[in-house]
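There are 2 protein chains.
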Amino acid sequence: MDYFAELEEKGKAAKAAARKLATWPTDKKNQALHAMADALEAGREAILAANALDVAAGREKGLSAALIDRLTLNDNRLAAMAEGLRQTAGLPDPIGEGLGSTLRPNGLQIAKIRVPLGVVGIIYEARPNVTVDAAGLCLKSGNAVILRGGSEAIRSNRAIVQVITQAAADAGIPEGAIQLIETTDRQAVNAMLKLNAYLDVIIPRGGAGLIKTVVENSTVPVIETGTGVCHTFVDASADLAMAADIAFNAKVSRPGVCNAMETLLVHRAIAAKFLPPMLARFHAAGVELRGCPETQRFHPAVKPATEADWEAEYLDLILAVKVADSLDEALEHIARYGTRHSEAIVTTDYNNARRFQAEVDAAAVYVNASTRFTDGFEFGYGAEIGISTQKLHARGPMGLPELTTIKYVISGNGQIR
Amino acid sequence: MDYFAELEEKGKAAKAAARKLATWPTDKKNQALHAMADALEAGREAILAANALDVAAGREKGLSAALIDRLTLNDNRLAAMAEGLRQTAGLPDPIGEGLGSTLRPNGLQIAKIRVPLGVVGIIYEARPNVTVDAAGLCLKSGNAVILRGGSEAIRSNRAIVQVITQAAADAGIPEGAIQLIETTDRQAVNAMLKLNAYLDVIIPRGGAGLIKTVVENSTVPVIETGTGVCHTFVDASADLAMAADIAFNAKVSRPGVCNAMETLLVHRAIAAKFLPPMLARFHAAGVELRGCPETQRFHPAVKPATEADWEAEYLDLILAVKVADSLDEALEHIARYGTRHSEAIVTTDYNNARRFQAEVDAAAVYVNASTRFTDGFEFGYGAEIGISTQKLHARGPMGLPELTTIKYVISGNGQIR
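Respectively, the protein sequence lines represent chains A and B.
Mapping of the first sequence onto my numbering: residues 639 to 1055, in sequence order.
Mapping of the second sequence onto my numbering: residues 639 to 1055, in sequence order.
Isolated chain A, as found in the complex (with noise of 0.2 Å):
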């Protein structure tokens, strides 16, 4: 199939369903995201057929374990993405929402009104849940989106899409307000990263090489997520249990994901107290720990860490320990060497608190609690499109309203200038 060709194909019914969608009745949407969250259910069986083809490819074709394991959809997934549809259908509806308007000494009504980004699109791995994530808070906002899923899933996302845009069609939405991207050659990426003409933004969500890939290649506007190098920093003044606690959670609850720690900074003054019981719960736990000389004094299991360590995203049971002088020591090496994802410290002094809240430069900074926070969910957004590691539209967990641009609508009376 010549990839160009559906790309243009499907830019083109993207843009023409955006336009409508601009202006698409919120009760219309939210039916239709309840009518493809039953026909999620109803479709089951196809869409179990098509993930087991995929399941059994991607064994013959060697994935690891943990690949396997995020391809393969049953009944409990199936469920929860159905659910996940239901609970976007309950949000707050962000288009038209009212950003303020002024009455300018000219007689000008300037008003700044939420409304769709038109056109977006979403490439990620192997994950067929974000094919239904992605096409539901697309729609709730009023976006046509593209979808260009990982080959491994291919047979999936075609049921899936299948099952939900005939729901969709049924219950009134524009044809082109979801399409998935059909023919796996690679290329088809790189086109679509060159998609101007069509696509207002492009979200990556994915490892390191993909979002990499899209940041470099990209001409259309591209929302950056993902990679996080999280520390903790355990000050002097810390209450140490609460920061075995935090610091053992950040670790240890989730390892794969981008708000896990991967540094533990502790401050030397209570290393001595403070580490060797840590480092044994951690290596107790099956963490490898790879730390600085200092913290290889206090438990026989830590490893020195190189260079590399600091810079890592394990997204594994592997930890980075280090023993800081001081605050400022700590606050360097965040800035050196952080990500700008998700940075705590555990303290009981004042002062320091402040400082690391107003010096650490992160989409979020934490004092006392656990970095794992970092998420749509528990920000209490009701859904999430990913975490924007990039400072520009959006920054932190991304929910509906950073699906959304503004514009402006102007009333007068024949004002000149």
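Careful, some of the hints might be misleading.
What the hints assert, rightly or not - Think about it this way: if two alpha-carbon atoms lie no more than 30 Å apart in a straight line, the pair counts; the simulated DSS-like pairs of lysine-lysine are: (1) B:650 <-> B:750; (2) A:658 <-> B:850; (3) A:653 <-> B:850; (4) B:650 <-> A:850; (5) B:941 <-> A:850; (6) A:911 <-> A:941; (7) A:850 <-> B:832; (8) B:658 <-> A:850; (9) B:911 <-> A:750; (10) B:653 <-> B:850; (11) B:666 <-> B:650; (12) B:832 <-> B:850; (13) A:650 <-> B:850; (14) B:850 <-> A:832; (15) A:666 <-> A:750; (16) A:850 <-> B:666; (17) B:750 <-> B:658; (18) B:666 <-> B:750; (19) B:650 <-> A:750; (20) A:666 <-> A:653; (21) A:832 <-> B:658; (22) B:750 <-> A:850.
It is worth saying that the hints were derived from the structure and are not from the lab.
A quick note: this is a predicted structure, and the numbers were derived from the prediction, not measured.
Model the placement of chain B on the given structure of chain A, informed by the hints.
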């Protein structure tokens, strides 16, 4: 000079300065802005002498009269630049503004705070006043700035930057807060576009060619500015005297700017009444007219318009004119040829006004007013760094808040997940 080494060095200095500027007190930023304004006036001789060399070199090189005009400084223009800095000092500081705070059920307090972007890159052309405007707005919003002006203005820009950075340094502003790329090698722009390690955003200001180069080649996030193919649609129900004044103002008051009208759309029902005097008025004002066959019937000076005319951003006393059968046809034309900058309808019909405002996808959508009002000062922002024609991050006139991002500051007492 090795431009790559220069960029690396300036990027590092800017990043270090940005860390300090992020928490710089408002009163100190304002003092520095006033000192810079005073220094500009005190340094007039050196600046005007450098500018005279640029102007002479430009004339020798055969620059157009318009370009020479943009390049030329004099006492009035220097005074206006200084006044701009003083006005910026008078604007509210956007940094530290709270954008909402929630207390989560688990006791976490999540506050959304406005913070600087970090390091802003500005790439512009011949106008030396951009050097001062951009430096002032970036400083006020707590950002470090790296300026890359056109080679025609390099002597003027060097003289200006020397004067204002000295004044800023004397006022305690960290070194590296305001820097100019010294080399005029064009490759330096390409290198700047890949400076992701140090730049948080690049804002191009200038002609379509510059903007295209930046958008197509930058891996740093870009805020696209400028291109405006703006329309005015005169509806069947319009007050024709009001429509004539609005259309005339939109085209003639300043044809070289992006918010000027490029195409006039006229409803067929009033074309025979509206167009003959309107076209005569444009013709008398020296406007070259290019129209659809229908339009050509109403004035002998109207030349045939081609497809290229509907796409053209003339930035000149040239106007494309088209008779439309209906509001729908006008909306279709705008959707197809508009650049989503500024669009206007003149009408007395409530439903048509409402449909136009809802359905037109543009940064600024006007009813019964000239498109020329799309401007940071006219909107009451007191400043303007440019007009964004993209949908991500900022749309329409960009003031100080558009030079900021947010961070989440989260306060807990031991929360884990």
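Checked hints:
1. Using a Cα cut-off of 30 Å, the hinted pair residue 650 (chain B) and residue 750 (chain B) holds, with the two alpha carbons roughly 28 Å apart.
2. For the given pair, residue 658 (chain A) sits about 29 Å from residue 850 (chain B) by alpha-carbon distance, which is consistent with the 30 Å threshold.
3. Between residue 653 (chain A) and residue 850 (chain B), the direct Cα distance comes to roughly 22 Å. Compliance with the 30 Å bound is thereby established for this hinted pair.
4. Among the hinted pairs, residue 650 (chain B) with residue 850 (chain A) is consistent with the structure: their alpha-carbon atoms are about 22 Å apart, no more than 30 Å.
5. Only pairs whose Cα atoms come within 30 Å are accepted, and residue 941 (chain B) paired with residue 850 (chain A) is rejected, the gap being roughly 50 Å.
6. A hinted pair counts as satisfied when its Cα atoms are at most 30 Å apart, and residue 911 (chain A) with residue 941 (chain A) qualifies at roughly 20 Å.
7. A distance of roughly 13 Å separates the Cα atoms of residue 850 (chain A) and residue 832 (chain B); the hinted pair therefore holds under the 30 Å criterion.
8. For the proposed pair residue 658 (chain B) and residue 850 (chain A), the alpha carbon gap of about 29 Å is at most 30 Å, so the pair holds.
9. A hinted pair counts as satisfied when its Cα atoms are at most 30 Å apart, and residue 911 (chain B) with residue 750 (chain A) does not qualify at roughly 35 Å.
10. For the hint linking residue 653 (chain B) to residue 850 (chain B), the alpha-carbon distance of about 27 Å falls within 30 Å, and the restraint holds.
11. Distance check on the hinted pair: residue 666 (chain B) and residue 650 (chain B) sit about 23 Å apart at the alpha-carbon level, within 30 Å; holds.
12. Simply put, residue 832 (chain B) and residue 850 (chain B) have alpha-carbon atoms about 15 Å apart, close enough for the 30 Å limit, and the pair holds.
13. Taking the CA atoms of residue 650 (chain A) and residue 850 (chain B), the gap is about 22 Å. The hint holds against a cut of 30 Å.
14. Restraint check for residue 850 (chain B) and residue 832 (chain A): satisfied, since their Cα atoms lie roughly 13 Å apart, inside the 30 Å limit.
15. A hinted pair counts as satisfied when its Cα atoms are at most 30 Å apart, and residue 666 (chain A) with residue 750 (chain A) qualifies at roughly 24 Å.
16. With a C-alpha separation of about 39 Å, the suggested pairing of residue 850 (chain A) with residue 666 (chain B) is violated against the 30 Å cut-off.
17. For the hint pairing residue 750 (chain B) with residue 658 (chain B), the CA-to-CA distance comes to about 20 Å; that is within 30 Å, so the pair holds.
18. Of the supplied pair hints, the one linking residue 666 (chain B) and residue 750 (chain B) holds, its CA atoms being roughly 24 Å apart against a limit of 30 Å.
19. A threshold of 30 Å between alpha carbons decides the hint, and for residue 650 (chain B) with residue 750 (chain A) the separation of about 37 Å lies outside it, so the pair is violated.
20. Annotation: proposed proximity of residue 666 (chain A) to residue 653 (chain A) holds, straight-line Cα distance about 20 Å (limit 30 Å).
21. For the suggested pair residue 832 (chain A) and residue 658 (chain B), the alpha carbons sit about 37 Å apart, so the restraint of at most 30 Å is broken.
22. At most 30 Å may separate the alpha-carbon atoms for a hinted pair to count; residue 750 (chain B) and residue 850 (chain A) meet this at roughly 28 Å.
The structure fails to meet hints 5, 9, 16, 19, 21 from the earlier list, while all remaining hints are met.
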